[in-house]
Each structure stands twice: as C-alpha cells, then as structure tokens.
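This is what each chain is made of:
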Amino acid sequence: MTFDSPSEPQRPAAPPPVFGLLAAAFRQNLAGTVSVPLPDGNTASLIIAGARVVQVSHPSTSAMAILNALQRAGILTDRDLPRIERAARKASVPLDDGAVAAGIVSTGTLAAVREALCREAVIAMLLDRDLQPTANWSPVRGLRESCALPLPFLLREAQKRHQELPNIHRVVSGPQQVFGRSSASRPHDLERWEDLKVGAGERQVYFFVDGRRTVYELALATCQSEFEVSRALASLSDGNLVRPLNARDPVTVNVRAARSALRRLLTLLVAVVLLVGGIAWGSLSGRLAPIPSLADASTDPYRSLLRDAPHRRILGAERQFQMVFNRPPASFQELLDERLVVPTDARAALLLGLDGTGGPPRGAP
Amino acid sequence: MRALITIHAIVLAFGLLAVDARAAEPPAPGIGIASYSLPAPIAREAGTLLSSLKRRDLAAVEISLHHLTDLRTEAGIPNLTQVSAAFRDSFREASRDMPPGVAIRIATAAVSLAPDDPDLRWTLAGAYLGLGFEGLGSASGVAIEALKAYPRHPRIVSILAANTAAYLMGSLVLVLLVVVLAFLVRHGRLLAHDLGDLFPAAPATPFSAVEMAQSRRFQAIVGSGLTRILALSLVGLLLLLPVVLGFGLVPSAGLWLLLALPYVRRAEAVAAAAAFVVVIILPALGSLVLLPDRVAATDGARMWSALEESAGEDLVPTLARRAIEHPDEPWAPIVQARLEVRRAPLSMGTLDAAASRLEPFATEPSGVAATDLANIQLRRALASCREGKPGARESADARQAFERALRVVPGTPAVLRGLALSAGLLGDRAAADKALESLVAVTADTDLESLARLRALTIASNACATPLNTAAELRTPDAPGWDIWLAGVKPFDPPPGLPLNAVLMGRTPVSWLPILGVTGLSALLLLAMFGSHLPFASSCSRCGTVSCRSCNREASGFDYCPTCLFEQVKPAFLDPLDVVAMQRRREEHSDWARTVLPIVSLVLPGVGQLLSGRPLRGAFLLLVLFLAIGAVAFPIPPVVDVDAYAGAIGGGLPLGPPMALAVVYLFSALDTWVNRTT
Chain A
1 MTFDSPSEPQ RPAAPPPVFG LLAAAFRQNL AGTVSVPLPD GNTASLIIAG
51 ARVVQVSHPS TSAMAILNAL QRAGILTDRD LPRIERAARK ASVPLDDGAV
101 AAGIVSTGTL AAVREALCRE AVIAMLLDRD LQPTANWSPV RGLRESCALP
151 LPFLLREAQK RHQELPNIHR VVSGPQQVFG RSSASRPHDL ERWEDLKVGA
201 GERQVYFFVD GRRTVYELAL ATCQSEFEVS RALASLSDGN LVRPLNARDP
251 VTVNVRAARS ALRRLLTLLV AVVLLVGGIA WGSLSGRLAP IPSLADASTD
301 PYRSLLRDAP HRRILGAERQ FQMVFNRPPA SFQELLDERL VVPTDARAAL
351 LLGLDGTGGP PRGAP
Chain B
1 MRALITIHAI VLAFGLLAVD ARAAEPPAPG IGIASYSLPA PIAREAGTLL
51 SSLKRRDLAA VEISLHHLTD LRTEAGIPNL TQVSAAFRDS FREASRDMPP
101 GVAIRIATAA VSLAPDDPDL RWTLAGAYLG LGFEGLGSAS GVAIEALKAY
151 PRHPRIVSIL AANTAAYLMG SLVLVLLVVV LAFLVRHGRL LAHDLGDLFP
201 AAPATPFSAV EMAQSRRFQA IVGSGLTRIL ALSLVGLLLL LPVVLGFGLV
251 PSAGLWLLLA LPYVRRAEAV AAAAAFVVVI ILPALGSLVL LPDRVAATDG
301 ARMWSALEES AGEDLVPTLA RRAIEHPDEP WAPIVQARLE VRRAPLSMGT
351 LDAAASRLEP FATEPSGVAA TDLANIQLRR ALASCREGKP GARESADARQ
401 AFERALRVVP GTPAVLRGLA LSAGLLGDRA AADKALESLV AVTADTDLES
451 LARLRALTIA SNACATPLNT AAELRTPDAP GWDIWLAGVK PFDPPPGLPL
501 NAVLMGRTPV SWLPILGVTG LSALLLLAMF GSHLPFASSC SRCGTVSCRS
551 CNREASGFDY CPTCLFEQVK PAFLDPLDVV AMQRRREEHS DWARTVLPIV
601 SLVLPGVGQL LSGRPLRGAF LLLVLFLAIG AVAFPIPPVV DVDAYAGAIG
651 GGLPLGPPMA LAVVYLFSAL DTWVNRTT
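Protein chains in written order, with my numbering: chain A, 1 to 365; chain B, 1 to 678.
A portion of the hints provided could be inaccurate.
[Said to hold, decoys possible] With the C-beta cut set under 8 Å, the calculated list includes, among others, these residues of chain A facing chain B:
| # | residue |
| --- | --- |
| 1 | Gly174 |
| 2 | Val178 |
| 3 | Arg181 |
| 4 | Leu190 |
| 5 | Phe207 |
| 6 | Leu268 |
| 7 | Val272 |
| 8 | Trp281 |
| 9 | Asp300 |
| 10 | Leu340 |
Rather than coming from a laboratory, the hints here were simulated on the basis of the structure. These numbers were taken from a predicted model, which means no experiment stands behind them. For every residue, glycine included, the Cβ atom is placed at its ideal position computed from N, Cα and C.
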C-alpha cells in the first residue's frame, strides 16, 4: 500500500509511521498493542484485535474529554457534573459512564460520542509524520472494548483526508473561518431545500451555515469533526453554494431573528396592558357598553310575537268554537277540552276575559 | 400579518359608527289581526258540517260539504279558508274512525271548500295514504296539487314561511356562533402566530444541541411560556374588541370568521361561505318571521281576504278610503263592486253602480276588472229577463264586455264561460258552442257534469228561469294575489332587529349584515385566487408546527417547516431525550384530540366534527340538533293564523323532533367511531 501525495505524484513519500504500522497489522492480521509517544510527553496506546482498533487510550478520548465533548455539544451542563460524579462513584464505573448511570444520556449516545472521538484521535495519529510508534504484537486477553474501528476504514479515511487536505485548505483557512450562503446575497432568489443536490453530511452543514457560525461552531452544531465540516464546506464551495466571508463582508442574515426574546416579551406585554387598560377605561367611563340598554327588549317584535301567540290562539279557538257550537265558549276549559288551545294559554284567556268560571269573552287584547 | 391591522382598523371604524347607530332601531310593530266574517247561511252550514263531523255523522258531513260548496259558489266566495281550517282540525281526529274510502270521499269533497288551501289537499293526500301502498300514487298526485296551491294563498305561505324562518333563524344563529368559535379554536394558533409577527421576533425553534440546552433553561422556559400566554391573550382581546365595542355576537362572529379565513382548508372554506350566506340572509329571515304580523292589518291583506275569502261590511269605509288614496289601483273598486253585487245580485241599480266603478279599469292587465265588469253586465242581462227572455241591449252589452275581456286576457276560462252564457242569452248557438269548445280546450280537468249544466244554461229560457243559478256559473280569473296582499309592504325590508337583538346585534343595524356577508364572500374569493401567494401562517401537515414563510426563511433560509427540516439534518449525537420530548409534544396534541373530540362529539353532536376538520358534516349535525331542540322546546309555532285557525295541538306531541334528536346523536356516535383513527 502506497501513500502518495496528490500534489507531488512523481515523488512518492513514505507513509507516516503510525499509518505504516497499522497497515502492516491489517495486512498480516496482527493483534496487540501499539504505543505512541505524544509530543506533549503523554503516551497514547491503541489495542488492535481482529483487524479493528478496539481501545484507544489518548488524552482526547479520556473520560473527562468525553464529558467535555458532551458539554460542548450542549448535552451536559456544569450542574450535571457533580451528579455524574456521584453516580459514577456509586456504580463504580468510569466518569463518562457515570453520565449514563445518572440517566442524563443514553448508552447509545455515549458510545457514539466515544467512538467519534476515538476515530478522530486515531486518524490524527495516522496522519502525523512526527510520531514514532512501537508495537507489541501479542493479543490482549480480557479486554473491555471501548470502540470498534475497522482498520481498512481508518486507513482509507486517513489516506483520503491526506489527499483532500490541500484542496480543503485552499477554501477553509482554519477553525475560525466563517462561511455564508451564496444565496444570501440574492434575497429574491428563493432556494428550495428539495433542489439541493448534495450529500447528507454536506446538507447538514449547509443547514447550519448562516454567515455567523465559524467552522468550529459548525462542528459543534453538527456534532461532526472539524475535518468533516471543512470537507463539506469545501465541497459546498465548489458547488458555489457557500462562500468564505471576510471580516468586511456584511452578515446578510435577517436581523429580526437576532432580536431578543425579552424585547418581544416586553412589547407584547405593553400591547396587552394597553388593550386591557383601554377596555377597562372605556367601560368605567361609560364610553363602551357591549350590550345596549335592556329597555329595548320591551319593543322587541319577536318577543311580541311570542307574547301575543296565546292571545291569537284564544281568538282563533273562540271563533272555531262559535262556528261549531253556535255559541261562545263558556270557559277556557271548554276550549281546552276541544283541544283548541294548550294549558299555557290560560293566562291569555284570563286577560281576554275568558276564565275558568264560564264568563263570556269580553274582547281582544 | 399586516392584514390584521387593516381589519381591526375597519372594526374600530365600524364600532365608532355603530355607537351612533341607535337611530336605526325603529319601534316594533304592534299586534295586528285582520279578520273576515262569513255570510250567515255559510256560517250556519259550517256549524252543521263541523258538528256532524264531531258526531261522526258521515252522511250529513257529505251533504253539508256539498251544500257549503254550492253556497260558496253562489256567494262568489273563492275560498272558505276559515271553515276549511276548522274542518281539517276535526277531520284529523274523525278520519281515524272512518273507512279509508269514506275519508277520501269526504276529503275530496272538502277540497271544494277552499280550492286554494294547500293544507286541505295535504289532508286529502293523508286520506289516500290510509289506503296503504295502493294510495301512494294518488297521494303523490294530490301532494303535487298541494304544492301548486301554495302560491295562490299568500297568507298561508307567509305564515308557513314565518314559522319555518323562526325555527331556522334561531338554529342558524347558534350554528354560526358554534362554527366560528370552532374555527377560532382550530386556527387560533395560526392567528396568534401572524399577530406575533407584528412584534419583534425571537428565535423559536432551537437548532443544535447547544440551542436546545439553552431553551431548556428556566428563564427560557418562563420567557417562552409568558410570550405564548401574552400572544394568546392579545388574540383573545382583539377578538373580544368587536363585542366590547357593541357590535353584538352575530357581527362579531362575522368579523372573527373574516380573521380566520386565511387559515381555513377547502372544506372549511365552503363552510365559511355558507356561514357568510347565513349572515346575509338573517335579515331576510327576520323579515319573513315578522311579515304576517306586518301585513295582517294592512289594506292589501284585507283586500286580498275580501277577494279570495270573504269580506264584511266593515271593510266598506276602508275600501272607500283606499279608492280615494290610490285612484289608479283597481283592487278597492273591484272589492267594492263584488261586495255590492253580493249584497244585491240581481238589482239593476246596484249592478249599474258596480259597473260604473269598474269601467275605468276595464283594460287592467290582470283582466279581473274586465271579467268582473262583464259578469256584472251578464247579471244585468239576467236581471232584465221578462217572460223568459233577457233584454236584448243588456245581453249585447254583456257579450261585448266578455269579448273585450277576452282581448285583455285571451283564453281565460272564466271569460269563456261568460262568453258562452252571453252568446246563449242572445240566441247565438254557434258562438255559445264555440266558446264552450274553447273552454274545454283550455281547461285541464274538465268536469263534464258542470259543462253539461253550463250548456243547458246557454239556452236563454233556462238562464232566465233560474237567474241566480246562471249567475252562480260565472267565475272570476285569478287575481294577482301576492301583489294585492303585499300592497304597500316591502316584504324583505330589514327588520328592526333580530331576536335578543341587544345580545346578537348590539348597536349594529341589521341592514349591515348583508354588507358584512358580501365582504366575507369577496374576501373568500380573493383568498381562493391569491391566498397561496400571501404569507399567512400555516400548520405543518407532518408535525403540526405553526410557521409562516418569513419565519421559515429566517429560521433556516428555506420555505420549509423548520422542525421537519431539522429532523432531516439533526446531528447524530443529539440527545435522544430531546427527540423523545419533541415526539411526545407532538403526540400530546393528537392524544388530546383523540380523547376529547369523541366526548365532545357525543355531548354536542357536530362540535367534534367541526374541531376535527369535518366542518360541513359538523354544521349540518348542529343545525338538525338545534332545529330539533327548538321544536321540542317550542312545540307550538309562534305565528298563528287567526283567520284559518286549525287548533293548537293535533294528535299529541309530534314525533319528528325527538326522532331527529335520536338520529343526530346516533349519527354523531357512528361518525366518531368510523373516524376514530383520523
């Protein structure tokens, strides 16, 4: 397996030492421990078994580093740390597993974070030419696996990143670089999400690119590595979807979105208070009266209709009675017996002079 | 949403105007009862008929019916509606003890009491139904005749319409209010979102784990809750504003519907259009309810009663006044002439006086005056009979008069009958036969017996032998009943208010409702045409998140639901608890809907359907429900026809309303069960 730089294809260079060692381990199916002295004086170690890196011991994969990563990602807060410590002590587990024991994150989330950190640490060592690893090719027994990174994947990814680095560096100068969407300079040119012809990772990065987030912040927001974010940005830049912003470039995001929730709350409060105050003032000063005076009800023609209906029934009933019996009804009961009226018409009958005693009717209402 | 500002500015402007609109409330009309009296012989015979019916003396009933019909014809009274109503009331109970054949025979004879009374024909149709399936065809035929009779009897139609409108108006107002409130409940979040857009924006959707963590902080939770409460309070206050300003519930409901229009779905748009149509027709329904009372005491109603039913002498001064006040109107002179002729059918002096009243209107387009004039001329000819021969000049005058009437109203059976008789009096056999042939041709159901009688009377000696019988064969054409009945009355003038006007209309004049309704329909049309281009808030069909185009673009740069977009790009490390929490929040809403809506549907059928997005079904169920409740609460219709009173209750409580209630509840329960998963 060769490790050629694409920028200098005519002069093949030797692969970095860790890369060479792991490539050999993969080719010969070796298992054992690789120790890597780090420039800061620490020593990292990789345990390899079955063509996979199954444990990584590196400052960036320590329990504290994992918790820091979770904190940076916003999954943990400072107040959670004492709880995690207590839970870890109680369960006699490493500090990072304490987050699971405390019920703050799931095992799956912790495993995903841990594996991502291990992957990035291993790939960083694979690409570093200054490291001098030593290997002890004897299988480790009774090991607790913390990750499962296939060697072919790691080697291919390292090689790929090595080849892509020059192109990426042409676009992404560093973790503080800020990118903006090209469409932001064309406010009338409506972008459609469905029309984006990019991969899932790039789509994710593009979503968070807003002209304010740095590469570092984009990596935090997307929970991808800085390299992955840089690669996505380079690809998006090639597709003319994003462009690096200089300090002088205006930030074209809508300023309304940046206004504080407090300002919104206060203006809403003022509006509500003004309305309530206005209504209260109007009501107390008598300027507002939702329901007009009830005096109008006495002239309500519909009420008159209901009020006069019994009178009309009595009149009609009397006429019919007169027609049938050739005499006026002696009492309201007679009309009732003939089913010409209903019991509730009694009051109207009384008003018309037709009572229960048999007195003749005396006139209309 | 800038439209909100405009709408509320209009609301406020309307409110200020409404405050000064007190003058638009005219006083309510008082009770008005017109009455007509029957000639004494008819009243006596009617008593005989009704008492016979009570005694179940069916033979006497039949004889009385025929006698009454003869008396009616002789007196020139088109309809004995008062007798027919009393007959119906008694017959309804008596017919239960009668064999169906006898009931049909009696009911058929009774139709002649008041040929224009549709209720008598319904009674006959009911009698036919007593035969079972065998009578179904005949019953249908009679029912069609009953429907055709309605336009000929304005009073019965107006009272029927008034009672129907009274029940319908109450139900429609309630349905309108419930539908609009349901729309506000369904789309209140969207309205609040658009209203909130008028205020400084704040990031609402947390993207990235950091933002999510920040959104979980105490201050953020309190702030977001307060903002939501304030935004909803603001919406509530703005919705309350029209009511507080004195608009009343119905105009306020119309304005609320206007505000909800941008958010309604297609089916809801149809329901909203129907609601605006209801707002438009409410004044018309109110007018219909009050129409019989408004018309009852007018000259028009009294003249119509005199023409189509009967008239007493007390009408004479009214007619005289009317003739002076409206010299170009023929109806008062026509009624006066008829009263005079009825008083002295063959008195030459009276007939001359009656003819002189009608002469100026001989060319009146309905032909009533011309035919009446010709009839009077024929009576003059009959009055001039000496030794079995009529006066030649009078007979010639009569014939001329009928020929003139025929020019005014060609092919009218009443004129052709008179023409045949007048030709017979002159001894012109051929002309009489020709007129009779024409009469047969234009009469749909020719009664051969009456034709034979008429033919016999075209012989001058026969006519002179029984002048009163000959005169009884004269007929009058149908007068334009509605024109006379509504003389001087505009039936659809806006009423002074709606029932419970203070609550429903506040200070808003009823005449403004059509304006509001038309405005709403226009807005609906505009939204249907351009709504998709307007930046109103919408609810994501997938996750239910409320957002608008500008908010979407501010959040992500794309016009796409921010929550759904975030679902697609969410980081792999995202705390699953957050995902679960988001999921749970979404499901909480649907769980609430699945639990509460069926209960609401069962308690008040239609409301659950409205809230779950089936507005037409919901509105229909509510309408039937309220109609049924109205019919149960007020089983006796409020508008009573004193002149044709048919009793207060007929055969116990009606079955329809309780059955309708049961059907509505059953249907709502079934509908809830069938749609339980949606």
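Hint check:
1. Gly174: violated, 21 Å
2. Val178: violated, 16 Å
3. Arg181: With a closest approach of 6 Å, the A:Arg181 hint holds.
4. Leu190: This interface hint holds because 7 Å falls under the 8 Å limit.
5. Phe207: Since chain B brings a Cβ to about 4 Å from A:Phe207, closer than 8 Å, the hint holds.
6. Leu268: holds, 4 Å
7. Val272: holds, 5 Å
8. Trp281: Nearest chain B Cβ about 12 Å off; hint violated.
9. Asp300: holds, 6 Å
10. Leu340: Check passed: Cβ of A:Leu340 comes within 5 Å of chain B, closer than 8 Å.
Hint compliance for this structure: hints 1, 2, 8 are broken, all remaining hints hold.
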